[in-house]
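> Spelled out, the chains give:
2 protein chains.
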Amino acid sequence: MKTTKYSDLLVIAICTLTLISPIYGQTPTVNVLAPAQLNLMPVPASVQIQTGRLPIHSSFNVAVKNYADDRLRAGIARMLTRLAGRTVLTLPADLATDEGAATLVVQCEGAGEIIPSLSENESYTLEINDSKARLAAPTVVGALRGLETFLQLLEGDRDGYYLPAIKIQDQPRFPWRGLLIDVARHYEPMEVLKRNLNAMAAVKLNVFHWHLTEDQGFRVESKKFPKLHTLGSDGLFYTQDQVREIIAYARDRGIRVMPEFDIPGHSTSWLVAYPEIGSAPGPYKIERGAGIFEPALDPTREQTYKFLDGFLGEMAGLFPDAYMHIGGDENEGKQWDRNPQIQAFMKEKGIKDNHALQAYFNQRILKILQKHHKKMIGWDEILHPDLPQDAVIQSWRGPSSLAEAAKKGYNGILSAGYYIDLIFPAAQHYLADPIPADTSLTPDEAKHILGGEATMWGEWVSPETIDSRIWPRTAAIAERLWSPRNVTGIEDMYRRLAVVSRELEELGLTHEKNYGMLLRRLAASENTGPLRTLASIVEPVKQYRRYQMRPQTMLSPLTGLVDAARPDSETARHFTSNVDAFLSDAPRFTLYRSDLERTLAEWQTASRALGPMIDQSPALQEARPLANNLSAIADAGLEAISYLSSGSAPTTEWRQAQLARLDEAAKPKAALEFVVITSVRELVIAAGELPQLRSMTPAEWKKRVNTQATPGKN
Amino acid sequence: MKTTKYSDLLVIAICTLTLISPIYGQTPTVNVLAPAQLNLMPVPASVQIQTGRLPIHSSFNVAVKNYADDRLRAGIARMLTRLAGRTVLTLPADLATDEGAATLVVQCEGAGEIIPSLSENESYTLEINDSKARLAAPTVVGALRGLETFLQLLEGDRDGYYLPAIKIQDQPRFPWRGLLIDVARHYEPMEVLKRNLNAMAAVKLNVFHWHLTEDQGFRVESKKFPKLHTLGSDGLFYTQDQVREIIAYARDRGIRVMPEFDIPGHSTSWLVAYPEIGSAPGPYKIERGAGIFEPALDPTREQTYKFLDGFLGEMAGLFPDAYMHIGGDENEGKQWDRNPQIQAFMKEKGIKDNHALQAYFNQRILKILQKHHKKMIGWDEILHPDLPQDAVIQSWRGPSSLAEAAKKGYNGILSAGYYIDLIFPAAQHYLADPIPADTSLTPDEAKHILGGEATMWGEWVSPETIDSRIWPRTAAIAERLWSPRNVTGIEDMYRRLAVVSRELEELGLTHEKNYGMLLRRLAASENTGPLRTLASIVEPVKQYRRYQMRPQTMLSPLTGLVDAARPDSETARHFTSNVDAFLSDAPRFTLYRSDLERTLAEWQTASRALGPMIDQSPALQEARPLANNLSAIADAGLEAISYLSSGSAPTTEWRQAQLARLDEAAKPKAALEFVVITSVRELVIAAGELPQLRSMTPAEWKKRVNTQATPGKN
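As given, the protein sequences belong to chains A and B, one line each in that order.
Quick note: the first sequence uses the numbering used here, first residue 232, plus one each step.
Quick note: the second sequence uses the numbering used here, first residue 232, plus one each step.
No false leads were slipped in.
Copies of the same chain look alike in the list, so a pair counts if it works inside one copy or between any two.
Within a straight-line C-alpha distance of at most 25 Å, the following computed DMTMM-like cross-link-like pairs (lysine to aspartate or glutamate) qualify:
| hint | residue 1 | residue 2 |
| --- | --- | --- |
| 1 | 425 | 452 |
| 2 | 454 | 472 |
| 3 | 598 | 612 |
| 4 | 516 | 329 |
| 5 | 516 | 325 |
| 6 | 425 | 472 |
| 7 | 425 | 476 |
| 8 | 744 | 422 |
| 9 | 458 | 472 |
| 10 | 516 | 690 |
| 11 | 516 | 301 |
| 12 | 425 | 465 |
| 13 | 458 | 476 |
| 14 | 583 | 635 |
| 15 | 578 | 568 |
| 16 | 458 | 300 |
| 17 | 537 | 579 |
| 18 | 744 | 801 |
Don't read these hints as lab results, they were simulated from the structure.
With the rest of the complex left out, here is chain A (with noise of 0.2 Å):
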């Protein structure tokens, strides 16, 4: 094997060392689509960049043209306020009378769907030269997607503000892109959903899956049975007036509201009204813990049914949806088990077991539900043959699940992938697709296969916190649920998704301001700079450990430093990718060198200063293990690049010492995990590798180093 100058071979190593990244679970491709200088996302479905510029002045305006109506003109009245909002121009209150004088004209065909609707048309075209933009589309809807990508094509220089001239063409991959917002386990206040309802729409989501009934709450007001949400909800309801203010909020944005009513399990708001149709005799209390539990509504009692008949019914005319989502899922039976009556019932009904026992649940809620014109929809438990084609699946189990049902010939909509509440990045998120470059579905089949939602579960998300665990990341599920199968560049993704985020600032979103209040919060202290520089490298540890390493219930505050910190770390993507720079730089050691010593001193210098800003803070208490290992991470790394740059190998006991601390800093803590150990242990394995340095090619080298760091994987 030939040996090549280390120098030589940046740029490969640079690639090699993400593919092992922890931060990218899947192979980045090269992203054909999107043009690098635009911030579009999600990515429309054809671009081309013309020559020239339209420059946007005060005297910008708009006229309407061949169709217009209130929600078009609201739309965009928006438009125009966050443009004059990033600008600081005052700009014309009134459309413009004709299409001569307008500097952008909006073509609409049509009002499209009354009702926003799966099958409504969301394509338009975008066309801008250096006097004019036109704005073309079949529908209302359509013209406002249009509208979202005319904002994001706003740029600035010395010269003004101004958008590129240009070419678009656009319309969604997929039909179905939704985020369900749990409301139930935590109550979100009106003006959360709306400002979500915003973002969603900048980043042209269009089903607002509202998950209203849980265990730990009932959160929509029913006429008929009342004792349901003055029961269940504690007093944190939405009123059908509020419910109708959502509707058509969310109309006027071209997005769907689709009602989650979770049954059979998942229901013990329910049965603290109405034991009578719980499988236990109760009483019941609303639920406070996290997790899965029992009661579950008896299956065989009519009342049951025509309980359900007469709140699916008062439901089925608040909610104008063609759907209805029932839930389904989780249920264990245990109640079930233990109930002799319903034992009874399946002996005699010859009905085999649990399964089979919901499976005959969701044959007689159907049945209620067709009555009343709403089509089902639910999570995967509920496929069974006997549900009708136009059901729709909703997996959380995965693409393969949902690909087995498209074979089958039903709908799906794939959430496995996109659960935002787990804490990971939004790469991750990014690659999950609902009809995979290696799906075995034929075409039609394919076709079953609608879209996807990201799921906000509602366990450990307050009003403060909700939208920093939806946003941004949402968006790049968005732009997976919209743009070119292809499109799958993650570091464009990140700089995009970066824009979006600030962006969505402008609609109310507190994703990014609500951090420095909670550090500050926490502190106690306008003073937050090393509280934030711990907090910029940890995150919540991921999937369901939180509630293992740090029990809280419903009721308690959500303003803890696992609150506060966020997903995705991109102070650590940063680091990651300067430290794999620097090692690529073998044998020199100078590429990034001194951005790390910088960082890493700033490490050790916050983790000084963290201990007497714990001892003012009680509540900081739990952080006191992580404040200490910032200085171990900070120290081992320091004297890792010193032997790089030196060229003088440590001694293995070292070597031995610093990946023993970083194995125990490795260890989450306060529900909080460091994503820069990996590095940090690279950079330690790559300094006791020295002497083997001269002997290897890179290529080995670097393996040597990462097969070596890689097992801790944090």
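Keeping the supplied structure of chain A fixed, place chain B upon it in accordance with the hints.
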């Protein structure tokens, strides 16, 4: 005169300098009551600190005694939520069933006033020892006030959270402590009002003065005259249900809601719908400008009074408060002068001038209000011999006009001095007293002075910026209106204000967090460092100069640097104080030298970095001259410090050149002004005076420096 060593005079010198600092309008007096270790604001009437502390654990719970109702229980629940949020402790959700087991016992004697009123007893006592806290109050509102004090007492150290052992007896100095929010110039959404009501309650304000109508908008739904809000509001108004929601929300917090319907002037938006009651034929359009406008109701037509009887009668049914504010300000009568019918009417009735005509109008309105069982309140202009003694004068003119009215037996509240829209520092508002120490009023006359109100006029505030214009400064006004007159220490006020400001964030206030957001939007970047440095030492121009310097309309975006920049720069206050100390350390000049040099160097760096940032962000173009000035200021300061430290005197040319550059920098740009220039000018002049230093006493020298530095007054 004896020559004293400079260093001996340090403390005195700082005090002397404070007197001339432009930040403080009046001589600060020593605060004799506020215990320096506590963060209470407003300072209670009587505080005795005891030995010991009450630890706060997750077992902390509350019992109620004697009287409790839903309002009290909700108040306790809100307190618990904030206590939990701050401590990250999961506290018991339910009240303790017996007093013995409770950490805090709330002993209340009765509901108090059913409708919040001027005669509400707001007093309470709070006693805390090692094992228990007892809050006692005659009314629920008194208990709510005490709960706020309780929360403000929370402290933390290595041993955990605790409250100090203490005895507090407290009641307000004035019964009327208000905040006017003008929602007419700019509409403010419900959540803005709610969070501000929360903040008001936190600092014990008790009147929300809801300025609902203006030339620029009619913001309340009228079912009798629906054209008023449909034509006069751009669709931005409060429904009557929303009004009731705000009234209930305020009442829950012991806050009165007093509506203002400003007549006969300030009424353009009324006349858009009903030109027939105007003094000129119309048609009228909603006013978009700022200033005083001509439209006024026609006081000579019976139709006007019939209309107002209908409308004010409807509002009297909607708003339960005893008072109704009829404005009455700034009607210049130009429409009256030009209307022959009005002139004929005046002649016929012997009404000699417009003032008399308005008095006639007020008399008619008074009868309408009396018919609807409301007491009248209006601005200074309504004062007239025929006014009944239960009316209230709200004074924008000042304490002496108020005292004059009081001598005639009229009740009054002070707003002059509390115009928070004028961007003066908190210290200035803080020292405005409704009954100054040198009052000429007898104790009986003084009883007519009911209190005061901060006024948030709405020309230049949006939902994004309004909190930063109200808070934290209004907390200082709240203290003036609640605490004993002799609580006037500026330094301690600012220390506590910073704590209260952070605590207000718990209630959803955005005054702190929207600062960063607006800067990010302006910079179109996460990295706002240099812009933040600039913004931290400029303030919006004071009084009404913003509109003169940088005219906008009510439809303009409020997202410029002037909107991001905040009143009462803390950075400037610290800089001023450091310069004072440094100069007092003559002739050594070592005190705070390195701090000052670091700060000035940071300004230099920021100035350089701002250029490229502004290039990319046209919205910042208007800030370019400020960026250039920043470098001139920093250079002048650094050079002056260098001369002073080295003891070598600069040339006269240097001094002249620097002062000229500072004079240039002192000119406001983009409606912003530097608030550090006086201090830098002192440095330059001091350097220039170095040769004279040895022949003068420190007092002489300092006086000489100050006298020469002040003329520019920036």
